Amino acid sequence: MTAATTASPTSTAPTPGQVWTRARGILAVVLILVVAGITFAAVRSGTNHGQLDPRSADPKGSRAVAELLKARGISVTVATTLDEATTAAGPDTTLLVAGPNLLTRSQQLRLEEAASDSAGRTLLVAPGPGATTRLAPGIRAESHQAVSALAPACELPAARRAGTADMGGTRYTTQDPTAVTCYPSAGLPSLVVLPTAAGGDTAVLGSPDILHNERLDKQGNASLALQLLGSRPHLVWYLPSLTDPSATTDDGAPGDGDEEQSEGGAKNDPGEESSFLDLVPSGWLWGTLQLALAAVLAAVWRARRLGPLVTERLPVAIRASESAEGRSLLYRKANARDRAADALRAAGRTRLAPLAGVPARDAHTPDVLLPALSARVTAPDRELNTLLFGTAPSTDAALVLLADQLDALEREVRTS
Numbered sequence: 001m002t003a004a005t006t007a008s009p010t011s012t013a014p015t016p017g018q019v020w021t022r023a024r025g026i027l028a029v030v031l032i033l034v035v036a037g038i039t040f041a042a043v044r045s046g047t048n049h050g051q052l053d054p055r056s057a058d059p060k061g062s063r064a065v066a067e068l069l070k071a072r073g074i075s076v077t078v079a080t081t082l083d084e085a086t087t088a089a090g091p092d093t094t095l096l097v098a099g100p101n102l103l104t105r106s107q108q109l110r111l112e113e114a115a116s117d118s119a120g121r122t123l124l125v126a127p128g129p130g131a132t133t134r135l136a137p138g139i140r141a142e143s144h145q146a147v148s149a150l151a152p153a154c155e156l157p158a159a160r161r162a163g164t165a166d167m168g169g170t171r172y173t174t175q176d177p178t179a180v181t182c183y184p185s186a187g188l189p190s191l192v193v194l195p196t197a198a199g200g201d202t203a204v205l206g207s208p209d210i211l212h213n214e215r216l217d218k219q220g221n222a223s224l225a226l227q228l229l230g231s232r233p234h235l236v237w238y239l240p241s242l243t244d245p246s247a248t249t250d251d252g253a254p255g256d257g258d259e260e261q262s263e264g265g266a267k268n269d270p271g272e273e274s275s276f277l278d279l280v281p282s283g284w285l286w287g288t289l290q291l292a293l294a295a296v297l298a299a300v301w302r303a304r305r306l307g308p309l310v311t312e313r314l315p316v317a318i319r320a321s322e323s324a325e326g327r328s329l330l331y332r333k334a335n336a337r338d339r340a341a342d343a344l345r346a347a348g349r350t351r352l353a354p355l356a357g358v359p360a361r362d363a364h365t366p367d368v369l370l371p372a373l374s375a376r377v378t379a380p381d382r383e384l385n386t387l388l389f390g391t392a393p394s395t396d397a398a399l400v401l402l403a404d405q406l407d408a409l410e411r412e413v414r415t416s
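Residues in the sequence shown are numbered consecutively from 1, following the working numbering.
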């Protein structure tokens with residue numbers, strides 16, 4: 001097969017135009033996704049703030065209750081640092097701590113000292129054992145229960161007027177006879193109001209659900225939330241932040257061993273390491289799922305229709321070279337090297353059979369064609385069998401080499 005190896009090679013590398021044609025659809029989709037993401041982020045940047053944020057209109061945000069309080073003449077101020085929260089505390093102020101478990105030990109102690117001396121109300125949202133011990137002395141956090149519609153079962157005026165509410169979550173116990181315990185779940189209250197020595201009180205709420213936008217119109221949630229937060233003319237909504245200077249200068253670590261409640265109500269063990277998925281916001285997970293679904297739909301859309309090829313007459317006469325080139329491009333686009341190799345070998349055997357004196361009906365029979373060809377060429381039978389009846393090439397270069405070898409074989413048989 002010396003002639004095959006010396007035949008001029010044929011280039012199989014895609015041209016720049018072919019590369020652009022294949023990639024422009026993907027680039028267009030990526031560009032659309034980037035523009036849509038930037039636009040979506042710009043539109044929502046002023047309203048999307050997170051859970052329990054009085055500026056957020058998301059389902060887990062608390063903008064609805066903040067707007068209702070403002071309509072009743074109560075000022076709502078957002079504090080993101082400990083200094084802002086402690087400075088604003090006073091007898092005419094309700095201080096809501098949205099994330100008491102995120103505070104360090106020193107932050108919790110400073111906040112408790114300022115709140116107990118203020119003679120105002122401090123509302124702690126779902127504090128864990130450590131946060132409860134330091135921010136609400138006299139109250140102890142117990143096990144967690146699912147949130148459900150619970151009756152008040154207490155004499156607290158706000159709870160009696162609100163009636164049934166979506167309560168539960170972390171439950172609490174207290175030995176202080178002056179404390180008022182409400183909304184018991186499995187025998188333990190999920191709301192405790194404890195008077196302070198300065199004349200104010202500290203309220204411990206086991207679950208944040210009554211403050212969420214999506215739950216405010218359920219049960220007596222709105223009534224209970226407005227009464228707990230609207231007992232003073234000013235409301236300071238404290239959202240602890242990791243950018244708070246006091247969080248980096250204190251000796252404790254954020255959370256300091258407290259248990260944090262997840263959205264679904266499950267507890268995270270303070271000694272348990274969080275996995276990567278626990279740290280990824282749910283929005284990114286849903287976005288990834290949507291992109292995966294879009295990829296599957298795109299694959300189905302681009303998939304080839306299965307079934308046999310249908311032969312039909314061409315409406316016009318075209319040159320054989322154009323037909324062959326068009327068919328080869330289709331094979332190349334589909335990476336159908338097996339079909340292309342079969343077509344080349346079948347055509348080669350059809351042309352070689354009459355040259356070797358083999359009837360057309362036996363052109364594709366190895367036992368008949370190969371002996372006849374062996375008598376006319378110098379190549380061994382094994383190489384002829386591989387060339388004419390072998391397996392499909394694994395690369396485009398191997399397919400081109402096969403075509404060159406078939407041409408060389410045909411020239412040798414013709415000249416023999």
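A few of these clues could be false.
Claimed, not checked - Pairs of lysine-lysine, BS3-like flavour, derived with a Cα cap of 27 Å: (1) K218 / K70; (2) K60 / K218; (3) K70 / K60.
Unchecked claim - Pairwise CB distance ranges, derived in the manner of DEER restraints: (4) P177 / K70: 56 to 64 Å; (5) T243 / L291: 17 to 25 Å; (6) D407 / P366: 17 to 25 Å; (7) Q18 / W284: 53 to 61 Å; (8) T15 / W284: 16 to 24 Å; (9) I38 / T243: 22 to 30 Å; (10) G287 / W20: 23 to 31 Å; (11) I26 / D367: 15 to 23 Å; (12) T15 / V413: 18 to 26 Å; (13) P129 / T80: 36 to 44 Å.
Please keep in mind that the hints were generated in silico from the structure rather than gathered at the bench. Predicted, not measured: the structure shown is a model, and the values here were computed from it. Glycine included, each C-beta is placed from N, C-alpha and C at the ideal position.
So, going through the hints one by one against the coordinates:
1. Only pairs whose Cα atoms come within 27 Å are accepted, and K218 paired with K70 is accepted, the gap being roughly 20 Å.
2. Distance hint between K60 and K218 is fulfilled; the C-alpha atoms sit about 14 Å from each other, no more than 27 Å.
3. Distance check on the hinted pair: K70 and K60 sit about 19 Å apart at the alpha-carbon level, within 27 Å; holds.
4. Our hint of 56 to 64 Å for P177 and K70 is violated, since their Cβ atoms are close to 37 Å apart.
5. About 31 Å separates the C-beta atoms of T243 and L291, a value inconsistent with the hinted range of 17 to 25 Å.
6. Separation of D407 from P366 is about 20 Å and conforms to the stated range, judged on CB atoms against 17 to 25 Å.
7. The hint said 53 to 61 Å for the Cβ distance between Q18 and W284, and at roughly 36 Å that hint is violated.
8. For the pair T15 and W284, the supplied restraint of 16 to 24 Å is violated, since their beta-carbon distance comes to about 39 Å.
9. Look at I38 against T243: about 25 Å separates their beta carbons, and that is inside 22 to 30 Å.
10. In this structure the hint that G287 and W20 lie 23 to 31 Å apart at CB holds, the actual value being about 29 Å.
11. Between I26 and D367 the C-beta distance comes to about 50 Å, which lies outside the given range of 15 to 23 Å.
12. Under the hint 18 to 26 Å, the C-beta atoms of T15 and V413, about 35 Å apart, miss the expected range.
13. A C-beta distance of roughly 25 Å is found between P129 and T80, which places it outside the suggested range of 36 to 44 Å.
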